[in-house]
Each structure stands twice: as C-alpha cells, then as structure tokens.
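Engineer: Each chain is listed here by its residues.
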Amino acid sequence: MNDLAKQIPANKKPGLSGLFRSFLRPGEKKRKKTGTQHRNPFRVMVEKEISDQVRSLRFIILISIIALTTLGSLYTALTNIASAINPNDPAGSFLFLKLYTISDGTLPPYIVYVSFLGPLLGIGLGFDAINQEQSRGTLSRLLAQPIHRDFIINAKFVASLFVISVMFFALAFLVMGIGIISIGIPPTAEEFIRILIFILLSIIYVAFWLNLSIIFSVQFRQPATSALAGLAVWLFFVIFYPMIINLITKAIEPSSAMASAHQAINFDKFRLGLLRLAPNVLFSEATSTLLTPTVRSLGPLTMEQLQGTIPGPLPLGQSIFLIWPHLTALISATVACFVFAYVPFMRKEIRSR
Amino acid sequence: MAESIIELVGLTKRYGTFTAVDHLNLSVGKGEIFGLLGPNGAGKSTTILMILGLTEPDSGTVTVCGTDSVRFPVEVKKKVGYLPEDVGFYDKYSGLENLVYTGRLNGMTETEAIEKAEVLLDSVGLSEHIHKKAGNYSRGMRQRLGLADVLIKDPEVIILDEPIMGIDPAGIREFLEMIVRLSKEEDITVLFSSHQLYQAQQVCDRVGLFVGGKLLAEGDINSLSKKLAGNSPYLVEVGIAGNSKTGERQRKNHPAEILQKMDGVLTVEEKKGRYYVGCTRDISSGIARELVLSGFELTYLTKKEYGLEDIYYRYFEGEANDE
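So the sequence lines, in the order shown, correspond to chains A and B.
Our numbering puts the first sequence at residues 534 to 886.
Our numbering puts the second sequence at residues 1445 to 1767.
These aren't lab readings, by the way, just hints derived from the structure by calculation.
Take the hints with a grain of salt, since some may be wrong.
DSS-like mimics (lysine-lysine), calculated; alpha carbons at most 30 Å apart, straight line [stated by the list, open to error]: (1) B:K1576 <-> B:K1522; (2) B:K1523 <-> A:K881; (3) B:K1658 <-> A:K581; (4) B:K1748 <-> A:K581; (5) B:K1536 <-> A:K881; (6) A:K581 <-> B:K1474; (7) B:K1716 <-> B:K1747; (8) A:K881 <-> B:K1522; (9) B:K1658 <-> A:K881; (10) B:K1577 <-> B:K1658; (11) B:K1577 <-> A:K581; (12) B:K1523 <-> B:K1474; (13) B:K1628 <-> B:K1716; (14) A:K581 <-> B:K1715; (15) B:K1716 <-> A:K581.
With the hints as extra help, turn the sequences into a complete structure.
Structural biologist: See the structure below:
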C-alpha cells in the first residue's frame, strides 16, 4: 500500500506536465517523447530493424497472403460450423476451437495454413539478414560503431520475432473476434488458454525457420542462395522427408500376418519417431492436440488401452503433457539454430563488401 | 613528436600459413595525418581492422588513445571513426536518416543527432542532398557522406581505408582538402590507407610504406627521400638537343664526360637522351652554365626531388631484389 502510494504521484508527475506542455506547444510532445531519450543502441537497432521489416515490400506480400488465407479459412469454418455441432460429440463443448480446425475440404483450416505458410514467413524474414548488410557495405560501417558485434544478429532476430509475434497474435485474435461476433458464443477460459498456447507454439515454429534462414544468411554471401537453401530445407521436410520415411519403413515393415502386436507397435513407434524428426510434423501434431482436445494419444493405442475409456476431451494439463516433448524439441531446435548462426557470425572476419 | 594516439607493437596476423601483417611497430601522434601506403594485399586493411578491434591479432598489442583495442573494442570504437573501403549506406534511407542512425548508435538522442547531422552534411557539401535517398548518391557523394558519418561521433581519430579510390581527380582533391581542414581544425588524428601515392603525398604529414605485411619505411617525405638517396641527395635531370653545328665537338666531348668532371658530381647516368646527374649539393646552375659554354643546346633542366612514387618504387625494387 505504502509503495503504491509512492508510485502514484511519481508516475503522475511527468504525465501531467507532459499533458500541460502539449497544451502550451502543440507538436512539442511528440518530439519530446521520441527525440530526447537516450536509448540503448540495441533498442535503436531493434527499432530500426522492425521498421525495415514492416516497411519492406516482402513483408507486405507475406502478410497479405497470410491474412487472406486466414480470412478464407475463417469463412469456410464459419459456414461449416453449424454442421460441426453434434449433440453426441464429446468435444461439443469446445466449439470455439473448431473455428481454427474445421473445413469442408475446399479450403484447409487455419492450423494447416499456419504450418504451411509459417516456414515461408520465417525464411522470408530471415534469409537476407546478414548477407544483405554485407553486400550493401553497411556491415563494416555498423561494426565500427561502439556496439557489441552480437547486437547486430540479436537485433535482427528480436526484431523479426517481434514482428512475427505481433502478426500471429493479431491474426489469431482476429479469427477469435470475428468468431465471437458471428457465432455469438464466447470462448471459455480453457479454450482461450489453448489458443494462446497455440499462438506461442506457432511463434516458436516460425522462429525455428527464421533462425535456420539466418544461419544461411551468415553462411552464404548471396541472398538468393540463402533463400533457396532455406526453401530447399522446407521442401525437403514437407515433401521428400515423408517419402523417404515411407520407403525405409516399407522395406522393414513386418508383414501383417506374421507380426505380433508387440512388433507392430514397436514398428509404428519407430516410424513415428523418424517422422517426428521433421519440425513440421512436430508442429502439426502439437497444434492438433492443443486445438482438438479429443486427441488422446499421439502414438498407437491398443484395443486393450481403449477398452472401457469414456469418450471425452482431455483436460488442458493432459493435452500439454502430451505435447510437452514436441514443445521442448521445437524450442531446442530453435535455440540450436540460433547458436549455429551466432557462433560463425561472431567468428567471421568482416571486410568491406 | 606529440603524445602517441595509435601505438602498435609487434603486431602480427596470420591467415593459415600466410602472414598478412608481420611484427608491425608503428606509432601515430596526436593531430597527425598518417598515410599507410602500399600495394593491394600488403596488409593495410588487416592492420586497420586490428586497430579497431574488429579482428584479433595473433600476437602484439594495439593501443588506441590509451585503450587496448583487443580487450576493449567498444571503448576504442567510441573514439575512433572508421570509413571502410567502398562504404555502403541503407539505400532506402536518406543521407540524413543514415547519419541520424549512426548518431543514435553512438548514444545521441534523435534531436541531437539530427542537429549534428545537418551541420556535418553542410560541412561536407551535401546540404542540397540531405533528403535524397542514399541509394541515389554518386560514388563521390557516398564517400563524403561516409566522412560525415565518421565525424558524427566526434572522434579523436579517424581511420579511412582507401578513401579516394574510385573518385574523379577533382573529387579526390576536394575530399583530401576536407580531411586536412578537419584534421587541423578539430585536431583529429587521421590514419588513411591508399595505394595512390601521389595524392597521399599531398596531404600526409608522415607516411609508412607497407609491403608484404612489413613496414619498410616510415617518416615524412623529406626524410624518406634523404634516406633513399643515400650519398647523392640531389639529382638533376638534363635534356640536351642534338646540334649539327657542334656535332663534331659533341663526339669528342660527350656531355657525360663534361658533367663527370664537374666539382660535386657523383654519378652521371644516361637514359633515352636524358642525363641524370647525382650530386652532393645543388649545382644545377653550374651544370647549365658548363653545358652551354661547351656548346650544347640545353633544352631541359630540372632539379628532381624524390617523390613518394620514387621512394616507393625504390623500396619496392629493393624488396623484390632481396627475395
């Protein structure tokens, strides 16, 4: 109480005088606010990177693609939500989450869009982070300023992450807002928390691709090369990796007639383990578990395990428990990518272009 | 010499087996304009990077304004302005915005940075292009913007890496005059690297000749030329026209012989019809008189001073011969 009392006048004073000043001299206030603050150079850099990202044509294109697809998927979800209401559906109480997951097949739902376009966004924001500075000749000039070298790569990462976060929060809340208006049912607290975790998960997922493309931007001098390298990794995981896994698992698949249940389960675990090396698989498993509370297990279940279960949604804690490995794996992959970008950048000798 | 601002001791940098900078000792005093001269690949840029603490030396120490660049690069970079070779700017930002960004990175507020940048842009002659996008600047304008960018942090030392490369002669002159003026007015120490010897000669107080990672010679141009010339400090170049009237005499008395007999002449060399007379003191008037009296038609006589170019080539040849 005492602390609070102290804070209030202290906080009020500059606000009042600022207000007073703005009455006296219009236009002064803004200048005072932005112009006279001594800022940490790191903040200055992050601000500049954010404004560069937001103003770039590339970002405008990416965000319009994503915003349009979001609206498209929202539209299909809204037109189909009536048919999704099923009195016998155990997940009926989670109607709101269906906005993000259902589709009639004409347009994929929101979560599929995020898992598909997210990597593109990450690669798009990061592929020229370092090498463009270098080829413009600004990197060596920047390094001659009294800043630590890692400010540069950190500022790029933080700025892009900030832009991505704002964007995902905005889009997901947009879906939520339009959903509330059109279906008239507000989300429950649990649904809201599930959506928040889903947003955080998408940010981590995109941050992974962002860091991957920053690695390439440190390694390759040409922005085109690093963009292609990033896209190649993405395509590999989305298209070729499942194919390769199929080839491998077909070759070693135990024949269904001969295999014991134990063998079949082991094989299936092995196949899933291989598949989960791909970050996109991790992400889609995690998101579907989060947004579809009826998902009870991500691995094979035997009839014995299913026997006697009451069909019903998992509580939030259990859903999170189920995807905890996915979450840690994604975060550690993101951090690892950042380290692989950071260390070579710190060791690199920067000459003029 | 005044207090030393840049002090390099035993500086060495190796890339694999290649030694880019080899046990370099150098000291630059306050307010001096020092030219680091040498051919491409001599290790000039590497030395500059080490002075700024942008790359770590394998051995040796760098002290700038009393601070160790290897251990406290940020402190050094607060005091040192560096204009890299072929400097680049953010193309989408105007010249002013580019400078303001640099200013803010140096801890200025936005209003301070704007005021300072406007003054600087005016002093480098870019006041008309202040709001033009840096992407539309010409090479020379970029270089001047670079100089303003270096000066916005009020540096004690500025280091310019090949600042005059790729600018036209008028531009070079203007740029160098600007550097000299700034150095004298603000008492800024200037270190710049170049392979354009003639231009460097015009502005440098002292130069260091840099070949193969070693400093071959350092000093002001006069002392270098004295060192180079050895015991014949004066060289007179004489041109003589062939004269039909005196053709016969000329054969008997070869000009070289006449010159050789003169007092104070050490060497006489003939190259393409020109005679190069090395002498102990300035006897150019005596040479002229002697030749005219002997019936030669003197067409050309110049007292040659060793320029940086000569010094450089002399040293460079010497180096090449040693190997």
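Engineer: Hint numbers the structure violates, sorted upward?
Structural biologist: 3, 4, 6, 10, 13, 14, 15
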